[in-house]
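Engineer: Residues per chain, in single letters:
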Amino acid sequence: MEAGSVADRGPSRPGVWRLWALVPILLLVGVVALFASTGASVLDLVGQAPPPADRFDVRRVEFRPGEIRIRVTNPQREKLTIATVTVDDAVFPFRVDGPSTLDRLRSSTVIVPFQWVDGDPYRVGITSSRGIETTTDIAAAVESRGTSARGFFGYALIGLLVGVIPVALGLAWLPSLRRADPRWLAAFMALTAGLLSFLALDALAEALALQAALPSGLQGPGLILLGVAASYLLLTFVAGRFSAAGQRERGAPLEGVGLATLIAIGIGLHNLGEGLAIGSSIALGELALGTFLIVGFMVHNVTEGLGIATPIASGARISLVRLGGLALLAGAPAIFGAWIGGFLSSDLLGVLFFALAVGAALQVVVEVARYVARRAPGGLRSGHVVGGYLAGIAVMYATGLLVG
Amino acid sequence: MPKSRVTRRQLLVAVAPAVAALPLAKVALADPSQAGSRGTHAGMDMHSMGHAAMSGDEVPAPGGPHDLDSLLYPPKPLPHEPGRVREYALTAIDREIEVIRGVTFAAWTYNGTAPGPVIRATEGDLLRVRFTNAGTHPHTIHFHGIHPSNMDGVFEIVEPGGSYTYEFPARPYGMHLYHCHSTPLKKHVAKGLYGAFIIDPPTPRSPAQELVMVLSGFDTDGDGANNFYGVNGPAFYFAKYPIRVRRSQTVRIYLANLTEFDVLNSFHLHGEFFRYYPTGSGDHFEYTDTVMLCQGQRGIIEIDFHNTGQFMFHAHQSEFTELGWMGFFEVVD
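So the protein lines, in turn, are chains E and R. Sequence positions in the first sequence follow my numbering and run 1 to 404. Sequence positions in the second sequence follow my numbering and run 1001 to 1333.
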């Protein structure tokens, strides 16, 4: 493999570069194989590997009639064995649904026959074969329902109540907005940007909090960046397509139904994460789901409908069906989120969904800002726009207090 | 011992007494199929009394039925012969031991077990204990009792590979103990370097079925709190392999507490009372069914069983009980 021959032959045949691109990869495979066969002795020169942490990652604790089910994952490189199970510092017999010795990132469910007391706090502990105990505290035992038609319907109803209905109600501002002064319309557009900014930060905080609990091997921060970048760029691409379809000049800001659709997608992705958070909290008994909380989410999310309605107000008439479609686009993901959260409760998906929401919301804020900059009387610096943006954040903060 | 715990919700406090009754439902629901596997004498009622979870095949005790015999049954007492030499050899060994089924603990042991072997002498014997340190840390043997200062196992540290012979007249009679006194002391005791040390009185005690019980705990995750408790070592061992005794003869237990980290441990017997002689060095006793011991405290228990069947014994700290410090007597005619 001589460098000279590469230079000589490279440019002559198109496509051959792909073959040569394999060279570093093949070399890497060779070096890795060499290191793997002698590697341990190299590491001995500089130190000694610490013993494995032997901490289980407790994914989910469910209380079923007469038993507690604990879903655990092995987050470390070394194998991890489920040896003993305690409930409130007492050893109990158990069985394992799946392997007792877990390879990296593999999961099993530990089933402990146990007469638990409704509403009592519990601490469950899983001890590894090396004697390391991982404990998890449950604030209050609440029966987890398995997958059932009833539960399916229940979560759908919750998603409908906190997602679809508030957005639909917010869209009813449309007739009023159509009659509004352009300055006020600009103010409401800015308000939309404000509330989306709030949602973006809110989703980012949720994603960061959730990823902190993930095993480090799953690289939470990287996953967030991936989600944010993917949704931001995907929506940029979609916005470009909407512009092109509207036969407008390149780079013109979106408006009308196109912009409303984009906003609906951004809000929808946020509601997906929100639905997931609500669903898993209910399933794990962490959330006291009362009338007040549902009402809180409705008030909080009704402004999202306003955000979608505003760009439509300045454009052509829109059919009720399309309006309903927008409401579903923004609200229905809450239903899917609630199902996923209620039945799967995956922190990994939660992180991803919230990250997607961040990127989408940010992209829509940018799109709205471009629209306002071009269309609003006085541009971005008018009092209505500045006031509207701040009001958007303030409204989200104030209504957020209802669900905090 | 419990670690920091989430505070109970305020609202629950009001209803707690009512719901606390629910675990009793388990009594009624106890699986009768478990009871069937264990004899049909009077004691089998035990299985429907809420202990069902920790008897029979499900008990997570490691080892086989006679693994702890050498620690449970002490050497026979010898008659009073002042000046007779009693020799023992103890070796400190680092060893992984199984403290509950499936869980190993990197112990420091005397002769490979935690607790170490039972040392027994008659008052007036010249005790000679050859100690070899085959471990990786400096160790000693510190005996309780009366002996010269240089036999106390505090100043004569035995480095790994070294040895030392402890020699002193055995006195006073009673139930004593021995343990390593190297620093950090807490670590050396918690790791398993301790055992029972019996000195018999010049006038022999009445014949009895003699047992030794050393109470201890195992801090497997090194957080300064015990994860499991046991008698003579592994958790739940005598729940899985009940101790068989005859009703016709007194049962004498040489009892010592060497539990680290916890302030107290205790011994409680079901369905019977016993005489408890503190330290076993005198004639006064208490007639009771529960005794409380701090670390290093010990005594002699004498039981005359009135009934046959299975009788539970355990720490009357419920937490210790459910972490392994429990067992059964099987009393037969």
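Simulated from the structure, these hints should not be mistaken for laboratory data. Remember, predicted model here, so these are calculated numbers, not experimental data. Glycine is no exception: its CB is placed at the ideal position from the N, C-alpha and C atoms. Where hints are given, some of them may not hold.
Stated by the list, open to error - When the alpha-carbon atoms are kept at most 25 angstroms apart in a straight line, the in silico SDA-like pairs for lysine to any residue are as follows:
id	chain 1	residue 1	chain 2	residue 2
1	R	K1187	E	P52
2	R	K1186	R	E1319
3	R	K1076	R	G1124
4	E	K79	E	S41
5	R	K1186	E	S41
6	R	K1187	E	T134
7	R	K1187	E	D54
8	E	K79	R	I1097
9	E	K79	E	R59
10	R	K1187	E	Q48
11	R	K1186	R	G1124
12	R	K1187	E	S41
13	R	K1186	E	A53
14	E	K79	R	E1159
15	R	K1186	E	P50
16	E	K79	R	G1222
17	R	K1187	R	R1205
18	E	K79	R	K1076
19	R	K1187	E	P51
20	E	K79	R	P1062
21	E	K79	E	R64
22	R	K1186	E	T134
Claimed, not checked - Chain E stretches covered by chain R per the calculated footprint, using a threshold of three residues with CB under 8 angstroms from any CB of chain R:
id	region
23	327-333
24	389-397
Engineer: Going through the numbered hints above, which ones does this structure break? Give me the numbers in ascending order.
Structural biologist: 5, 11, 12, 14, 17, 18, 21, 23, 24
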